[in-house]
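Residue numbers (my numbering), protein chains in the order written: chain A, 1 to 113; chain B, 1 to 114.
If you are wondering where the hints come from, they were derived from the structure by calculation, not from laboratory data.
Backbone N, C-alpha and C fix where the C-beta goes; we use that ideal spot for every residue, glycine too.
Misleading hints may appear alongside valid ones.
To be clear about the criterion: a stretch of chain A counts as covered by chain B if any three or more of its residues have a C-beta under 8 Å from a C-beta of chain B, and this derived list gives those stretches [what the hints assert, rightly or not]:
{"#": "1", "segment": "21 to 30"}
{"#": "2", "segment": "54 to 67"}
Residues from chain A that face chain B, not an exhaustive set, calculated with beta carbons under 10 Å [claimed, not checked]:
{"#": "3", "residue": "F14"}
{"#": "4", "residue": "S80"}
{"#": "5", "residue": "H82"}
{"#": "6", "residue": "S84"}
{"#": "7", "residue": "T86"}
{"#": "8", "residue": "F90"}
{"#": "9", "residue": "C91"}
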Amino acid sequence: AQSVTQLDSQVPVFEEAPVELRCNYSSSVSVYLFWYVQYPNQGLQLLLKYLSGSTLVESINGFEAEFNKSQTSFHLRKPSVHISDTAEYFCAVSSTGFQKLVFGTGTRLLVSP
Amino acid sequence: NAGVTQTPKFQVLKTGQSMTLQCAQDMNHEYMSWYRQDPGMGLRLIHYSVGAGITDQGEVPNGYNVSRSTTEDFPLRLLSAAPSQTSVYFCASSGFTQMNTEAFFGQGTRLTVV
């Protein structure tokens with residue numbers, strides 16, 4: 001069985017400050033890792049993914065995450081956040097690509113001016 | 001290209017009533033799935049399907065029924081609604097034979113059972 005732990009339920013940060021949202025996973029098989037973002041009253045949107053290859057993956061809006069197999073982590077980082085980054089972020093794991101995703105409990109990022 | 005469409009967006013049911021949540025996708029994806037989202041619990045997989053005529057249970061299937069008669073549609077049925085089924089439901093679709101085809105989510109159905 002797979003599981004995902006997002007220890008921080010809420011992360012408050014000031015605009016233009018750096019942020020790290022933590023994600024740890026547990027799995028007995030090789031995994032694929034994802035970060036999804038959910039804006040209020042909307043569905044989930046894929047932010048970035050690790051399927052294979054480089055362990056550092058980046059999104060088009062400045063987020064990045066690094067797959068660390070030894071620490072079983074996939075932390076999400078951004079060097080400078082914007083008000084518009086306020087949303088809930090979900091880390092997810094799967095052993096079958098985009099199928100049967102197992103989600104963490106989510107981290108609410110609150111960016112204030 | 002509409003992506004994944006869920007209807008209705010909101011629904012209030014009385015305990016014991018039945019209803020069907022609709023999900024349709026126009027991307028010719030083989031794989032479709034239903035999740036429920038509850039506060040502090042993230043999203044949990046209810047049922048999934050890898051193609052027309054093939055369905056299987058996820059993590060929390062009790063109280064829900066699904067069928068897949070076409071590639072496009074994957075309805076979720078609540079046969080006898082219970083307050084514990086109050087939740088936000090999301091449908092998602094993705095490729096299957098092409099494993100790296102991104103999963104797309106619908107906008108969600110907010111269900112309240114009173």
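Hint check results:
no. : hint     : in the structure
1   : 21 to 30 : violated (count 0)
2   : 54 to 67 : violated (count 0)
3   : F14      : 26 Å, violated
4   : S80      : 27 Å, violated
5   : H82      : 23 Å, violated
6   : S84      : 19 Å, violated
7   : T86      : 18 Å, violated
8   : F90      : 6 Å, holds
9   : C91      : 9 Å, holds
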